[in-house]
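Quick note, the sequences are listed as chains A, B, C and D, same order. According to this note's numbering, the stretch in the first sequence is residues 117 to 481, in order. According to this note's numbering, the stretch in the second sequence is residues 117 to 481, in order. According to this note's numbering, the stretch in the third sequence is residues 117 to 481, in order. According to this note's numbering, the stretch in the fourth sequence is residues 117 to 481, in order.
Possibly wrong hints are sitting among the right ones.
Where chains are identical, the list cannot tell them apart; a pair therefore holds if satisfied intra-copy or between any two copies.
[Unchecked claim] Below, computed lysine-lysine pairings styled on DSSO-like, alpha-carbon distance capped at 30 Å: (1) K425 - K282; (2) K431 - K307; (3) K169 - K389; (4) K169 - K148; (5) K181 - K425; (6) K148 - K203; (7) K389 - K425; (8) K431 - K148; (9) K389 - K431; (10) K175 - K425; (11) K190 - K216; (12) K181 - K203; (13) K169 - K216; (14) K203 - K425; (15) K216 - K148; (16) K148 - K289; (17) K291 - K181; (18) K431 - K190; (19) K389 - K216; (20) K148 - K389; (21) K190 - K389; (22) K425 - K289.
No lab work stands behind these hints: they were computed from the structure.
Number of protein chains: 4
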Amino acid sequence: MGNTFGQLFRVTTFGESHGGGVGVVIDGCPPKIDISETEIQRELDRRRPGQSKITTQRKEEDRCKILSGVFAGKTLGTPIAVLVHNKDARPEDYLEVARKFRPSHADFTYETKYGIRNWQGGGRASARETIGRVAAGAVAKKILSILHSEFEVVAYVVQIHEVIAKINRSAVKTKDVDRNVVRCPDSAAAKRMEALIERIHDEGDSVVGVIECVVRGIPPGLGEPVFDKLEADLAKAMLSLPATKGFEIGSGFGATRMRGSEHNDPFEMRAGKIRTATNNSGGVQGGISNGEEIYFRVGFKPTATIGRKQRTVTKSQQEATLAARGRHDPCVLPRAVPIVEAMAAIVLCDHALRQMALGSRDRPA
Amino acid sequence: MGNTFGQLFRVTTFGESHGGGVGVVIDGCPPKIDISETEIQRELDRRRPGQSKITTQRKEEDRCKILSGVFAGKTLGTPIAVLVHNKDARPEDYLEVARKFRPSHADFTYETKYGIRNWQGGGRASARETIGRVAAGAVAKKILSILHSEFEVVAYVVQIHEVIAKINRSAVKTKDVDRNVVRCPDSAAAKRMEALIERIHDEGDSVVGVIECVVRGIPPGLGEPVFDKLEADLAKAMLSLPATKGFEIGSGFGATRMRGSEHNDPFEMRAGKIRTATNNSGGVQGGISNGEEIYFRVGFKPTATIGRKQRTVTKSQQEATLAARGRHDPCVLPRAVPIVEAMAAIVLCDHALRQMALGSRDRPA
Amino acid sequence: MGNTFGQLFRVTTFGESHGGGVGVVIDGCPPKIDISETEIQRELDRRRPGQSKITTQRKEEDRCKILSGVFAGKTLGTPIAVLVHNKDARPEDYLEVARKFRPSHADFTYETKYGIRNWQGGGRASARETIGRVAAGAVAKKILSILHSEFEVVAYVVQIHEVIAKINRSAVKTKDVDRNVVRCPDSAAAKRMEALIERIHDEGDSVVGVIECVVRGIPPGLGEPVFDKLEADLAKAMLSLPATKGFEIGSGFGATRMRGSEHNDPFEMRAGKIRTATNNSGGVQGGISNGEEIYFRVGFKPTATIGRKQRTVTKSQQEATLAARGRHDPCVLPRAVPIVEAMAAIVLCDHALRQMALGSRDRPA
Amino acid sequence: MGNTFGQLFRVTTFGESHGGGVGVVIDGCPPKIDISETEIQRELDRRRPGQSKITTQRKEEDRCKILSGVFAGKTLGTPIAVLVHNKDARPEDYLEVARKFRPSHADFTYETKYGIRNWQGGGRASARETIGRVAAGAVAKKILSILHSEFEVVAYVVQIHEVIAKINRSAVKTKDVDRNVVRCPDSAAAKRMEALIERIHDEGDSVVGVIECVVRGIPPGLGEPVFDKLEADLAKAMLSLPATKGFEIGSGFGATRMRGSEHNDPFEMRAGKIRTATNNSGGVQGGISNGEEIYFRVGFKPTATIGRKQRTVTKSQQEATLAARGRHDPCVLPRAVPIVEAMAAIVLCDHALRQMALGSRDRPA
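Extracted from the complex, chain A is given alone in its bound form:
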């Protein structure tokens, strides 16, 4: 259970890190949208391992194949299934973790919940699962671009460990983000981040930080008050990503040290529109978008797989030690950037379709 996300734009992912493959079925995509494997592949390539020395050196080609739902380059309105085959596994690489629970991995909890797990790699808890999300995000971005011509979603690294970037949130563009391997648009900070990641990696350790995401061009009115508030669905989307520990929107935890008179966003008229003078709300009020920039931050925990020797126990309840072998990400953030964007786009696309169902433009009365 729990492998489907969304009400109208419904994304179901499947697949373990080893076995036949990973993929996604997207139900609820409107018809007649241009979409191609090339567009989806472009997003997948941004999350692919092996892009630089600060991410894992594993070579995974991750070529996607659209199995259904698209005909002559256009969506049919039927489910879009996208599949990425897995590479052949070398089971002998995983014999140790078949017996020993990796600390802060999902080995122990899966074993307890299900009484069985695919111990080859991360199984279902592997970051490979996010391939399906990124593919669905590519479709969601396309739909949002058609519905709202100003739509744009840009995520980027704002902090690695103690290094904090200075970024003009309202100006940053994807090309600024992809200019360096850290995916941090502040070049000076990015350099320091890269050096830090390399140094800590050399010490057999991992490091992490914060991703910020800004969404522009969303009209007022998206989001359902009460349980399906826009920020609630974004929070769920982000905390459903592997290794995330925190979410904040707009002023976030900073709001806890502000007074009402400081925090409130006064309304004003600007260019003939009702706008807010400040944007502590992060573009959402009462769970509904207000037409301002939507922005939020996601805090991650450092990669659990590290070279250093760690204490653990075995399935047969013996104490043991474990040191990761092979290649792994010293810092997941650069590859997590497109995943955060994908989940943001999926949430917003779902709410855009929900708003259409309300008859936003053809209101019945």
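Given chain A's structure and the hints, the job is docking chains B, C and D onto it.
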């Protein structure tokens, strides 16, 4: 849309702050659970206004009535409907806000989304909506207590503005929380918090902070990997509460400044069980509970309704000023404590039932 | 579980026949629709007991109260809760059925499923549960009338036992239906049906038949192929009604004796539109409406509560006999007519909103 | 939308008749169930074309591949994705139907709903979509067999056009069904049916009938009262199959000609259990299984694709004629038998898991 929460323990709230009443329909409650209006009322009384001078002075009796689903003191397995009638409205109190959008309220976004709103009080965006959640939370707590005898959920204020409490998270009990009006178990900090709230209230302003919540007695195995991770559903639950801006579980944003070797929770044998030596994970690994304490923090924004004069615009797009009249909460946190507990219990109860569906104890194979 | 119906127009009913009351929460109703208690009451009055001597003589006033979701006569887009209070129970009337399972009632299955049941009257299995459906149906009809000006739903009795009415399906109107107490627009047949019902009632027995329902003014394009076909959702809606045993759409079981060349509906141009020359399809092809009349039939079983003595067993597994006392419906069909209409309207309204989400009129590409 | 079925055992199908392939994602399957491609293939082979001269002569190999959710022959509790590749299309075979709407097919309604359709073969409306259902049904049957050792589902042809079989419903077994190509366990009737199908096929026409399905070994207590009654979900499942026009459970439409005293199933003690003396209820009372055999019938319409010339119109609204070329099923029923079984198993498996969530065996109180 969006007024239902949960997959198997399904909570649907209804009602505006003015009109007939507010309430909840709870579908999926197992049969033969003892439940009474008295038990529900006890939780409702904790969130009621008028309890102290640091919360709103409005007198709302909020007597609940169980309309269905309970027979001779026991649940039937059928929907439990709980209703709290509203007091008569004085529409003339709201004529100004009928015209002027209150800054950082949901007035503008509701008006834009729906083209109509109940301008008497907060309408559907009122905190009165949470009455239904608290009633459902009382039922959820009862179910969890029966399923897991060690179950306990305790929320409390850990920070107001710059004042930070010192609390032994693993020892704190509800009676410690309810000992003072701030609902902060650190008495010394609570005194300073109370003084701060009063002072800021006298200045016609509002102030806020952070609530922490700890859940004990949850066995390993609850939570669905991928989208319905336990932390994802908790994050959604918390961000669906009015005035919340941030959520973090376990180490939270603090994790972003830790290395993998510091953050990982080593497994060890303790009292014959597999346990973690530390609990940076916050009781959840790979989206599934690991049997340790589950704890998280929720950051709020200060009450938008303040006595000070603020800039805004009217429905007819004229710039204007607005100063709140009447009684409102200078600090929402004390009343939010039982609401946070309620939503935590609802999430955990839903996942407990989902785990039963998997045949946790009667596994088919 | 299972007390909610619909994807976007979501109807949740609650309540047992005895206890506080019965009602409904309607989520997903578009805003700014005119709706009043009077309009809902008009539909409720059509299903109310005590209308004639061929239905139960119980007097139930069934006055509805809108608790939320409507402001100044218009829907807010928030959940509409409607409540009908129950009359005080006389528990002593039910002491016998508290012990003995009524044949072909839900007593035994509820007891087995839940280990508990409200034995006062039908409990949750009572036909009173349909009050919430009829209230929601009134709202659904209103929405459909606004979306599709030609929309009309008319159900009527076509058969009672061996008496079969002759009805011009494409011409029949609600006023023709409500002209007699049987709700059969063929007056001559209605007279014979009425006499038959009375005679069988005098014999301490019950009798039943078939209701047909025709829906006009639905444009082509409603219905989701695969699982949520329009006929699949209609079938579920009808088989979810108490005492239903069969459903057929268009040619129905008659199709099983036709050849493809007889059954196929040839397309032709008529008044500038693509139409079908015949309508064996019943207005639905591949699960999607084709713009023709939608029509279907629902077969009921005779009322299980009869005056005659019947064999049964007690909760303590003793064989026993039981004869119903008090007032009950000798024939449920006349009162079931508005319920069938309500469920048809709920299904179609849900699909109309789903089609809007697809961007029917504002197709994104 | 509408490509997912079930609440806890969730089946999502994807794929058009032409393009990459068709398949299914099954979410909610309990862990540690033995399942293999061989078992799934066995069920798929029963629905495969080309089995006899009374079904289509098309050769489709339909080899299934499990992509995920199974490890070392056992389910993991994660989504099971099953894929069947499509054969290469010959688009030139479909150029005529790309322009002309086939009568009583879904061409016109898809075109109207989506403004686009895959005109190669049936597209999403093709019976190939049921491959995913049959694969999921194989898994559902396996789970039910483990949960309820007496579980058995047997469907069979009871009527073709005017030929009606005589079958002892309570005794019939799968081997009796698969003994002849018609899948009718009455051998004499099967012969006449086969001859009839061949004769009508020679006339360029199609013929059809009724499938009956019996389910044994389901304990009392499955099914959710109100909207998700067992018969309601079965009705939806069956009416969601291509070419179905009617559904009846137990006495079905026959009930409409019975009196209450005839139709009621008296309770009696039998072998120490509460049983019903007759089974007009069809194993379901108040929407919940009562432990008796569940049985129902499904009425189909004749295959729309026939060799005879038919009237129709083109996309550009010109009147035209159309005669099907190529190979098609003169009678769909033999191949529909395993599909009916699959959908029945999916519904019952979903309700079995829902009942476990209620704590059937570990009731909390």
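Evaluation of the provided hints:
no. : hint        : result
1   : K425 - K282 : neither (36 Å within a copy, 34 Å between copies)
2   : K431 - K307 : neither (42 Å within a copy, 49 Å between copies)
3   : K169 - K389 : neither (47 Å within a copy, 40 Å between copies)
4   : K169 - K148 : neither (41 Å within a copy, 40 Å between copies)
5   : K181 - K425 : neither (40 Å within a copy, 40 Å between copies)
6   : K148 - K203 : between (33 Å within a copy, 25 Å between copies)
7   : K389 - K425 : between (59 Å within a copy, 22 Å between copies)
8   : K431 - K148 : between (52 Å within a copy, 17 Å between copies)
9   : K389 - K431 : between (62 Å within a copy, 11 Å between copies)
10  : K175 - K425 : within (25 Å within a copy, 58 Å between copies)
11  : K190 - K216 : between (48 Å within a copy, 21 Å between copies)
12  : K181 - K203 : both (15 Å within a copy, 16 Å between copies)
13  : K169 - K216 : within (28 Å within a copy, 56 Å between copies)
14  : K203 - K425 : within (28 Å within a copy, 52 Å between copies)
15  : K216 - K148 : between (50 Å within a copy, 20 Å between copies)
16  : K148 - K289 : within (28 Å within a copy, 40 Å between copies)
17  : K291 - K181 : within (26 Å within a copy, 40 Å between copies)
18  : K431 - K190 : between (50 Å within a copy, 19 Å between copies)
19  : K389 - K216 : between (60 Å within a copy, 15 Å between copies)
20  : K148 - K389 : between (32 Å within a copy, 23 Å between copies)
21  : K190 - K389 : between (36 Å within a copy, 27 Å between copies)
22  : K425 - K289 : neither (41 Å within a copy, 38 Å between copies)
The structure is inconsistent with the numbered hints 1, 2, 3, 4, 5 and 22, although it conforms to all the rest.
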